[in-house]
Structure formats: structure tokens, C-alpha cells
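Chain A is fixed; fit chains B, C and D onto it per the hints.
Protein chains in written order, with the numbering used here: chain A, 92 to 509; chain B, 92 to 509; chain C, 92 to 509; chain D, 92 to 509.
Hints are computed from structural coordinates only; laboratory data are not their basis.
From a predicted model like this one, the values you see are computed outputs, not experimental measurements.
Here a beta-carbon is modelled for each residue, glycine too, at the ideal position from N, C-alpha and C.
One or more hints might be untrue.
Which residues of chain B face chain C? A partial, calculated answer using Cβ under 8 Å [said to hold, decoys possible]:
1) A248
2) Y448
3) Q467
4) G471
5) K474
There are 4 protein chains.
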Amino acid sequence: MSKQKIVLAYSGGLDTSVAIKWLSEKYGYDVIAVALDVGEGKDLDFIKQKALQVGAVQSIVIDAKEWFAKDFLAPALKANAMYEGKYPLVSALSRPLISQALVRVAREEGAVAVAHGCTGKGNDQVRFELSVKALHPDLHVVAPVREWAMSREEEIAYASQHNIPIPVDLDNPYSIDQNLWGRSCECGQLENPWAAPPEGAYEWTRPLTETPDTPVEIEITFHQGIPTHLDGKEMPLHQLLSQLNQIAGEHGIGRIDHVENRLVGIKSREVYECPAAVMLINAHKELEFLTQTREVAQFKPLVEQKWAQLTYDGLWFSPLKQALDAFIDETQKYVSGKVRVKCFKGHATVTGRDSKYSLYNEQLATYTTDDTFDHQAAVGFIKCWGYPTHIYANVHCEKEEQNETLGRTLYQANQPIG
Amino acid sequence: MSKQKIVLAYSGGLDTSVAIKWLSEKYGYDVIAVALDVGEGKDLDFIKQKALQVGAVQSIVIDAKEWFAKDFLAPALKANAMYEGKYPLVSALSRPLISQALVRVAREEGAVAVAHGCTGKGNDQVRFELSVKALHPDLHVVAPVREWAMSREEEIAYASQHNIPIPVDLDNPYSIDQNLWGRSCECGQLENPWAAPPEGAYEWTRPLTETPDTPVEIEITFHQGIPTHLDGKEMPLHQLLSQLNQIAGEHGIGRIDHVENRLVGIKSREVYECPAAVMLINAHKELEFLTQTREVAQFKPLVEQKWAQLTYDGLWFSPLKQALDAFIDETQKYVSGKVRVKCFKGHATVTGRDSKYSLYNEQLATYTTDDTFDHQAAVGFIKCWGYPTHIYANVHCEKEEQNETLGRTLYQANQPIG
Amino acid sequence: MSKQKIVLAYSGGLDTSVAIKWLSEKYGYDVIAVALDVGEGKDLDFIKQKALQVGAVQSIVIDAKEWFAKDFLAPALKANAMYEGKYPLVSALSRPLISQALVRVAREEGAVAVAHGCTGKGNDQVRFELSVKALHPDLHVVAPVREWAMSREEEIAYASQHNIPIPVDLDNPYSIDQNLWGRSCECGQLENPWAAPPEGAYEWTRPLTETPDTPVEIEITFHQGIPTHLDGKEMPLHQLLSQLNQIAGEHGIGRIDHVENRLVGIKSREVYECPAAVMLINAHKELEFLTQTREVAQFKPLVEQKWAQLTYDGLWFSPLKQALDAFIDETQKYVSGKVRVKCFKGHATVTGRDSKYSLYNEQLATYTTDDTFDHQAAVGFIKCWGYPTHIYANVHCEKEEQNETLGRTLYQANQPIG
Amino acid sequence: MSKQKIVLAYSGGLDTSVAIKWLSEKYGYDVIAVALDVGEGKDLDFIKQKALQVGAVQSIVIDAKEWFAKDFLAPALKANAMYEGKYPLVSALSRPLISQALVRVAREEGAVAVAHGCTGKGNDQVRFELSVKALHPDLHVVAPVREWAMSREEEIAYASQHNIPIPVDLDNPYSIDQNLWGRSCECGQLENPWAAPPEGAYEWTRPLTETPDTPVEIEITFHQGIPTHLDGKEMPLHQLLSQLNQIAGEHGIGRIDHVENRLVGIKSREVYECPAAVMLINAHKELEFLTQTREVAQFKPLVEQKWAQLTYDGLWFSPLKQALDAFIDETQKYVSGKVRVKCFKGHATVTGRDSKYSLYNEQLATYTTDDTFDHQAAVGFIKCWGYPTHIYANVHCEKEEQNETLGRTLYQANQPIG
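Isolated chain A, as found in the complex (with noise of 0.2 Å):
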């Protein structure tokens, strides 16, 4: 009788070989091993090699750079997302990607079940598991790391039994991810919070004491919210990331230093390396500050803000998701244009923006005498923008009660007058 199959993402590292000896001794899988690059730089040959070395029946390495950033990354950037107003959301992004693939290539192969690599405290379990529900409710899900509970001793031992290769780099005392989007990294010193990152803890960035001398400047072209040119130069968005990523970088932009709230319910300290991704959202913003009207200008957090917390937490392939993305899309129409962003330590300063559709009107806002705005039309819009705030103090203050109203402050402060 066939061996039943199971699907599983693979990094190459030591807890994902271990993984494939382990669910086939463990559950008896015949075990296909799938590795994607998404902008991190793999290896893929070695990969696709090693994972059949070490003893999946099937391997498989997908180059997923245009996918991720076509389907995950501009939707992103038009959210403007940032996780609690800082983190760009780098592995946040890619999870529901990877489980995208897991389970294709589960219906492709016939497999029962996927499995990753997550531990049971981190925020990837949740996006894998909930992403695998949302497109294949049948298919089992396993966590080989978390169902193990080996210690990393018991974990080297375990390799060394089974002949899996011991990765060179096993004492590095980070843990990393990375993609198209940035870099995270955490554990070792960055554990407690008033420590300041060490260097080391970066490497797409350099510090700013060796950043270049001359700023650079680049123009940057969006298309309804996407970035389309680099310097007037067309090209596809995972590519202009890359060289993104590569300037900004060399200039020491994006890092970013994060005490942040864990869906499992902890803080963990994490730093992060987001040169691309910095940069395009702050001059994304500023294109719809000038092309979006205020009323969009106020609600748009609101639905960013939710964008973001759903993406972290696990919740790609929902409803609701689905809905604000609905949004976010009808808001772009008309964010096209250019803006110019000047590179110079640590800084992505944008210094112009442009478009047909710029909302600024520079004869209405002119304090010069080409002015045509109607500074009479402003009585009258503060005497009904006043009105709530007018009746109010009339009722109030014709009250006894009035030390206790608005004008309290007023009579309370005791400040040296004249």
C-alpha cells in the first residue's frame, strides 16, 4: 500500500531537514519538500538537492519573486501597511504565499496533508495554519517543530543519526527571515529591550557612519498606486525592489527597532531591515496626499490600520480582507505620478510630488494676488462649523454649573497676566 503524502515547506535549514527524516519515521509520509524563493536569495539547486538527500520523495523550488510582489506586496504598498505604525510586515506577507503554493501542490500530488516549520510561539504557525483552512478546509495540517519539543541538543543529535547535514552557521545567535520585502531578525541580544541592536543584527543596511558622503537622488513613477518606473526607466516591480532594496540600503534606510504585540498574546523585540519597503510607502503617501481628497485622507488609516492588524494576524485569505482591499484599490484610480526622493543618511526624504490628478491648487492656496479663494466664504463656514461648539458655551455657561464646563480651564489657570 502507497505511503500517504505530505506537503512541506522547506527552508533547507536544520529544523525543516529534520522535519522531512522525522514525519516519515514519525507518521510514516512519504514526504515532498517545496522551497520558494521570495526575494531572500536562495540557493535553489542546493536546496532542491538537499531536501532529496536528506529523504523527501519530491522536490520542488519555486522562484516566487514576481508573484510575491505582483499578488502581495503591491496590495501592501497600497495599504501603506505597517503593523502598530512601524513594521512593514515582511514575514506576514510572504506566509500566506508559501501556504498558497503548499497547497497547490498538495491537489497537484494528491497529498493529505501540509506541514511547516513554525514553533508554537511565533506568529507564522497562525498565518500558515488559518491561510492552508481558508483555501483547502480538508487538508491536515502538521508541525513537526512544535509537535517534537526536541531541544536544539536533542535536534543535532537527532540530524547527526540520520545523516542530515549540520548547517555551517548553526551558532549564529539570530533568528532571520527575509524576503522581497525586508529583513527581520531577533532572539540573542536583541531579548531584552533596553540593549541597543548590535551590528550585527543588520546587514542590508549600512550604519550611518558608513553611509556615502552625497545624497542620491531618485524619481520614482506610480501607476495607480504601484511604482512603475525607476529614473523614468519601466520595470517590473520585484525588480525595482531589488535595486531599491540595493540603494536605499547602501544609504542606511529602514531599520527599524520594534517592541511589538504577538497574536499569541507576548511582546517580542524584534529589528527589521526595509529599505524598499520604507521607502515606497512614505513616498506612496505622499502621492495621495496630494491626488486623494481630505474626507479619503481621514477614513483611509482607519482601513489601513485594519489591513494591517488582519495580515498579522493571519487572516490573508478572509472576507474582510477581500473588502478593504475593495477599498484600498478604488482609492488608487488616481494615485499616478512622480515623486522625487533624496537618499542621504538613514533618510528616504521625499522633496517633490506630481501628478495630473494633484488635488493642490496652487491659485487657491497662493498668498500671493493670484489668489482666488474666498476669504469671505470663511465667516460664514465658522459660524456653522461653530454652531455645536457656540450652543454649547450658551447653555453651559448660563449654568451655575459653569467652573465645571469648557471654561474652567479658562478661570482655573493662574497664570501671571500683563
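Quick look at chains B, C and D alone, frame taken from chain A:
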């Protein structure tokens, strides 16, 4: 018969100097000039004399720095107030204070009206008039500059005729306002949002090319959301702000370039320098991340956005503003501790945060063997957290319409596999 | 030289009849009258003739019931739109349609201006003028009634002089507006918010003392958020609304008495009758509870509130409104199924809801032995869900300040025990 | 060696009676039973004896009605708390109180653990356990019913073996919980959301066919958001609630039928009867509309929604909840006055509201000649309010893409004209 009195917010500049004469000539008021120092470093003696010289019957000057810091900037900091996520509300914070002072003087001196020097297209006119309405609904408000509609040339001619001194910096292309919380600059070349702000638009902050090549680290101690010590030395908030503006300005921190949505309906391009404000809001947020629960961290931004909006829109003295403050004050009870900030090349980087109320728990967060987190709990958590998604997928995958469901993205993405 | 044309929203009443003459006399316009039936049951032929009789050069009447139901009421229903949670936006929904018609006629007839009959203190003037600006920014808008400032007596005198017929119901104390979505009534005795609305304020709904003593049950079928069948019989929305207004009105359903906040800054007391609207919003929500996930159920109300606010505030034709609609439409894809409603004594009680997209899962929900819910999962769920609270309590109970923490309520509540 | 003590929330029913024995047998605890009356009309003496009879070492009963009304229901009323806009949070409000009582007894008696009788799929287990964690993070929580996983038959057999009396109403198909704020009912026929709730599911409210044919009008006086007088007679809140439940129940007020989203991830169908709660929330809102400014009226619903969510989700004792309460309390300072309510045929209709803090201004609102509203102010107001729309339309109508802009709807609607 004695004349009626009006209390004028006096700056010492051309507009309000002309206004003294104009209010007297046009409406027959006795003008009481009130000038306040909210940190812009005015020569109050000079201003006091000038008001009398150009015709005020009384001239009052008030050092309002402490008042401003305590009653207006402290709440803004606790609210992390940034209009549209970018502008720390410099002028919007001083207007209610000035209005409060005008109303108080009007009460003490028996005046029937107050006056301000705003034009008809800015936000400040709204802030002045709504604040006055809120504090003294029966007081009449006059806006001479909005009303007289003189051109610059006519105004200068009027001044000459009435022996009003013409300031020497009249050809300054910019319109400036400044106080302890920052400096705003508009007009001139800034009116083109594609043009980079010229260096001349800045005064408080050095350009990055001229900042020191050595970082400075400072330590700020907060008590219940308010900074109380700088490098361990206790000082009142207004003094701490002065020092931080100095230090942070020297390192080029706090430049902001914004195309913003005004309350009167138009977009304008403004440049701000807020060295202390930017640094403190940044540091304050970090201490909040450490000491507030996830639920507070997720909801407070909505309150903050509304707080900034109300303040920008002139509703400082309003019941909603008071209720938002009550919410915010409650969240600040344990935002106490210290933050280490590195000032360097325009960055105020928080490199450490510490509090006895820290909710970061290293034993739960660590990936070392000290870990006390219950990894198996995640299994149950994911099950319940994922039920809505799981049930949804179950229902929709059974339907023939499944291609329209969450799975759609999957089946249609035609990525190369293997 | 030919005269310039203006397009007037004509109701057939005194104000707009006088306006035809006044616009012609005062500004020399050729007036084109446009009257629409949005379900108020107007005699369009009579109105058409009357306009010509009092001086319009052209008189256009439009049966807009289907247009209104499809383009304005369907979106309102999908948005469960209730301004301030109470008012289904009756007039606020017809104003943009009328404006759209005015603009279209203006384009076709080459008119340079449009006119409406609103006074200066209502919301409708804002809705007309903003809709016109949005659709045709160059068109001039005239508001004769707001501008002429005649008293009722002067207006009648003016009408008499110009042979304008005086309507017989001129002493009706109420100001009425009605369409397929309901009937609004203000003025008269209603201006005292302590006074109960007199029966004379109502017309569409029977008083509870006169409703049938036998309930009627109806079944409404929805497709993607829109009702398509009544008791299994398919019909267009505007027809379904007419029937429901009839049935529900007979059972006294849909009376609303509201002290509301107007956009122009004051509170007014209004009475509404919205039999069909109240019933359908109620039924629609029940189907949403059945078919939408928890996350959608929690976020959509924020979108709904903003939608109602924008519509009330005259921003129907605005980019934010379009984006909110995109969100809402996405949430309606599976709001299909049927709802059983019992009409009785002023209640439209939903007694059953069913959908093939129902997310209610009896096997998970049941307390019988068919239960498939994993009860042990709750243990892990509670652990993770409770971590923030648990950690917070741990930190704060260790502090001497514990009396100030969450525990405070406990220790200070001096309840008798035992 | 003495046994360890556990404090059990004891209801007198089968589950918690069996739990007394089971906790003693399985874990060797000495069980202290605590029963509270939160308004369900329990026979506390009987329950006290029964606990001892089945093996509790100590039996404590507490009349908690006043405590419940003051500390839990008053805040809920000020928050107009309705989970998902429908459910006034009956059980969700009593659970934190019971937890507080358990913790207090545990401290006084030196117990090491507490226990509750919830299963693993409801919300109440979460509310108990999070409340206990919040108040006493070191206390262990045991959930016997969730843990023992006995079938009903096994449980009855266990009871028989241990001489635990079997309640006579054991074949009641419903699961009931009740307190001063209402009565909840689930299970049985209700598990089919298409089935109308049978009359047997209701107990507190008469069916509409049996309510009096004469309305009753009552007058409720509020002080700072809390009802203090009924028809002019002052009484404590818990007593006022009892009377209102009586009166309103007789008139059939307060039935709710809801398919709700549970925190544990599933939907369940529940039937509630909340006569007093529904009436009071309704009346309270009306007084708020009269006395609160527009800005408060627009923002408070967001706070209310979050308040209800947190309470439903077990986070009563949490920092965010406290901050929301601070906001709400601030908004209640002037919610004082009286409301007239007509009880009739299931309706609690507010027919009048009055307050000395009323912000309704008849002189501004009236359409009589007493009108003091400045009608011309609207012109300026509309100009400024409309600028964003106007500018947007100007920009987009100039573009060739105009068909894609706001105007699109116009040009494409092919309605017949004329």
C-alpha cells in the same frame, strides 16, 4: 462717553500693528494689545512698547511658556498628536491658549470684543474664533486683516500714513509661526509641491551636511507619559523642550514637508521644524509599546487621530476633546520609565526603553532554554482563532461557486511550479 | 440676444412656483422646470402644466422611481444606512439624484445654472450644491428662497401679484418630504422635543391602536444584499418597496422620532415614517449575521457609519463614498437567501433566516451529542488570548501600587460576603 | 496535612453540584461554594444548604444585586452597550462580578484555586478565566465540566452514585441564564436559525397577543447617564431595574433573537429577553442626543462598540476597558434630565426628552418668525465644505478620463428624460 474695549492678539508685526490703528479708526474701539511668548523667543519689552506707540490704550505681555507646555503640549505628547500622521500641530496648539488669554483679559478689563490678525483662508481664524466662542460665547470677534482686504502695498501705505513702523524683514518670502513645539513655514517657493524646500525655509535645524559627525545619546525619563528628566536631571517641561530643540536641531532632527488638507477645504504645502516634538513623540511611543497592552496599542491610535483632527479643526475647547483626554490620561498611568535616544544625522533613534511597568516578559519571549511559553497552547488558540475562516472555507468550497471564493486567487494564479 | 437658461428643481409647491417668476424677473433667466417622481406619488401631469403656467419656458417631468431604487436605495440598504443609528436618510438619498437630473438637463439644454428651493438652514441645500459641484463644477447654483428672504406673507403677496396659484394646504403646519424610502416631517408642534408627536404628523403608518390584530408573515428573498422576491414572487426593487411600504405601514412599522444633528451645526427634531426601509434594513442585517464572518461583522459598522455620515453631509458623489461602496459591495457577494418577517403591532420581527452560504454550523453550535466542537481547544485559546491580561496583572500585582491597578475595584468594593 | 481549598462558583444546579464532589474526589480539594444573586431571584438559603449537603466544606451566598447594578450595569448603560448592535451583554456582565467574588473569597479563605461550571465552547469560560487572571494572576482555575467530558447520562449516574439530588427540571430543553439585565436562552429548537423561537423560550415577556391594550407612560429621570427616579420617585438602580423589568415585560418589550459570533469562533443562535435594558438604553440614547454635541454623538459609537466587544470577549478587567470608561464617564456629565417612555405592544417609545443641558435650541431650529439662524452663513459654509469636492471635480473633468470620474454615474445612467 467712554469707548468700548477690544482685546487684540498682538504679535508686533505689521498686520497687527496696523490693526490697532484700524480697529480704532474704523470701529472706534479702545484697543488692548496682548502679546504672548509661547517659546518663539520674542522681545516682549519691545513689543509692549510698540503696541503703545502705534495706539493701543493698554499693552499686556505674558510669558506663557510654562502654561503652554503644561496645559497644551503635555496633552499633545500623551496623544502622540500628528495631524495626518505627519504634522505635530504647532500653531494649532498655541491658538487656543492665546484665545484663552484674550478672553481672560476681556473679562478682567470689561472688553466687548476680541480680535486676531488672521486672513480668511487659514486654519487659525477658525481656531481663534471657536475657542473664544467656547470660553465666552457672548464676546464679539473681529478679524481686521480678513475684513479690510488691503493689498500689501495698500497696507504699507496705510502704515506710513499712520506712522506705524514698517518691519525691516518685510520682504521675507515666508510666513512663519513658531513656538516651543516647532516652527512652521509656508508661502514663497514652497507653493510648488514639486520644488524641494530651499534651505532658507529652515532655521531651527541644521542641514544634514552640517550636523555633527558624532552621535549624542540622551536619556529621557517619563512619568505618566510626560518627560520629567533629561539625562537624569529633573526640569520643567518647557525648559526640557528648549534644551531638546537645541540638541535635536543641531543634529538636523524634525524637518517635515507636508501637503496638508486645511479645514477650510484646500490643500496647502507647509514646511515644519519640530526637533523636540518629533523626538519626544517617538520616544513616548516606544515607552507605550513597552508598557501598554495590545488592546490599548490597537485602539489608542483611533483616539489619537481624532484628537489631532479636533485640535487641528479648532475644537480644542469642546466636550469630545475633553472625553478623548480622559481616555488618554487613563492610558498614561503607567507610561513611566526611561528611553535612550541617539541623535545623529537627522535621526532620533530610540536604542533602548525600560520601565518597571514593562509588559515585555523575557521568559515568555525568549527562544533560549529559559522559555516558559506554553507552545501547545497555540494549537487550541489556532483552532478557535481559525474557526471563522475554516467554517467559511468549508461552506464556500462545497458550492459550485468556489472559484469566486477565497480559493480563487489560488487556482487562477498561474505560477510556474517545480 | 437670447436669455441664459437655468434649470430649477420644481416641486409644484409655492416656493418653487414663486422661484420660477423670481428667477426670471430678478436675473432674467429662462427657467426650465424639472420635476421628478421618486415615489411620493406626485401628479406629474399637473405639475408639468403648472410650471408652464407660472412662467417656465420648458417643463420636464421624470418618473425616477426605478432609477432611485436601483442607484440610490439599493446601496443604502447594503450599507444598512442609518444616520446617527436612527434615520434611514430619506431626503438625503433623493437630493443627489435630483441634482444629477438637473445637471443632465443643464448639459442637454445648454443651461448655465441650476436652482433649488431650499432655505439656508437645512441640509438639503448642501446636498444639492455639492452634488452639482461634483458633477459639473462650472455650473452656477442659485438658491432663490435662501436669497430672497421674503416672509411667508410677502411671498403670498408676491404670488398674488404674479398670478401664481396659492396651494390650498398652505396652512399645513408641517414641512414634508417623501419618497420610496420614507416620509419626513418637521416643524409645528414637533419643535418642542418634550412634546409627543401628534398623530397628524404621521400619514404612512397606522397608530398601533388601529393596526390589525392578526400578524402577517412575509418572506423576502435577497440576492447579494438586494431584495428580489416578495413571498417568492420576483419584482423590481421599486415595486417591492411600494408593496412593503403598504404592508408595513398598515402594521404601524417604521415610525422614528429623532432629535438630530444637522450639518449646518444645529439640532432639529424630525419625525420619519419608513415602513419598508426599517423592515428591509432589519431583514438585511439578519442575513448578514448569518452569512458574514465575525471580522466583517465587526468592521462593517464603521464603514456603514461613515457611509451614512457622508450621504447625510452631501458627499454622495465623492471619492470616499465610492471607496466605501466598493468595500460594501465586496461584503454582499454572499448575502443571498431568505428572511421571514412577522409584521405585527409596529414590529417587523425576523423569525427565521436561511442561506446556502450560512456560516452557522449546527454541528459546531449544538449542545446535543452531535457536537463536533473541540472543547479542549478552548484551554489553549484562553491561554493565548489571556496572555496580555495575565502578564499585565503579574507586573502590576508585584508593584506596591497594586491598589491602583485592575485589582483596585476588587479590594475597594466593600460588599458583604457570606 | 490539611487539604488545599478551591472556591467554586455554585449555581445549585446539577453541573456545579456534581463539580463539588468531583473536585474533591479527583483533586482532593476542600470545596468552598459561592453562590450569588445578581437578580435571577434565586432561593439563596436553599442553595446554601444544598452545597453543604453535596459536600462543600463551606457555603457562601451573596446578595449581589446592588453591587451588580452599580458597578456593572450602570457602566453598561452609559456605554449603550449592545454586542453586535443587538445583545445587551446579559451574561457577559455578571461573569466578571462572580469572578471578583471568587477571587475575594479565595484571598480571604486562603484558597489556591477557583472553579467554574462552564463547558469548552461558550464565552463564559473565557470571561471567568480572564477576570480571575486579571485580579489574581497566581490563582489556578479549574473547569470541571470542560475537563470531565461526561455525557449527560454519565453525569446523572455519577450524581446518583454520590447522592447528589437530580433537579426536577432536567428535561428543560433550554440552557438559561438570567440576571437584572435580562435573560438568555439557547439550545433546543433554537439551534435551527430558520425556526421561529417557540413561546416556551420566553418567560419574562408576554407575547404581543397578550399584552395590555392600554399603553402605560412612565417618566425616567437620569443623573449623569444613570436613571435615578421612576415617575419622580427616587430609588436605587437595582430596584428601578426590577420594576422596569416587570412593567416592560408585561408590555412585551425586549425580546431579541440573534445569530451571534462567539469569541471561540463559532456562530450560535440565542434568544434574549431584556425588558429594562432595552428600554433604558433607548431612553438613555435619546437624552444623549439632546445633551451631547454632534462630535460626541459621532465618535462615542466607536467607543461603545469597542466597549461591548471587550466585555463580550472577557476583557472587563483590562486597561483598555478602564480607558474607555474614562471616556464615557466624561461624556455623561450632562446627560441629566428626564425621558418619557410609552410602553405599548412591545415598544418602549420615547415620546419626549428634556434637560436643562439641552443643546436643542428652538430659536435656531424653528421655521417660524422667531428664527435666529443666520441663513446667509450657509453660503460661505457650503463653499468651504465643498472645496474638496469642487477641486476634485475641476481636476477630473478636465482630464480625458472624465468618464471614469464622479460624473460617470451621470452619463451612463440612461434614464428617460422629459
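In rising order, the numbers of the hints this structure does not comply with: 1
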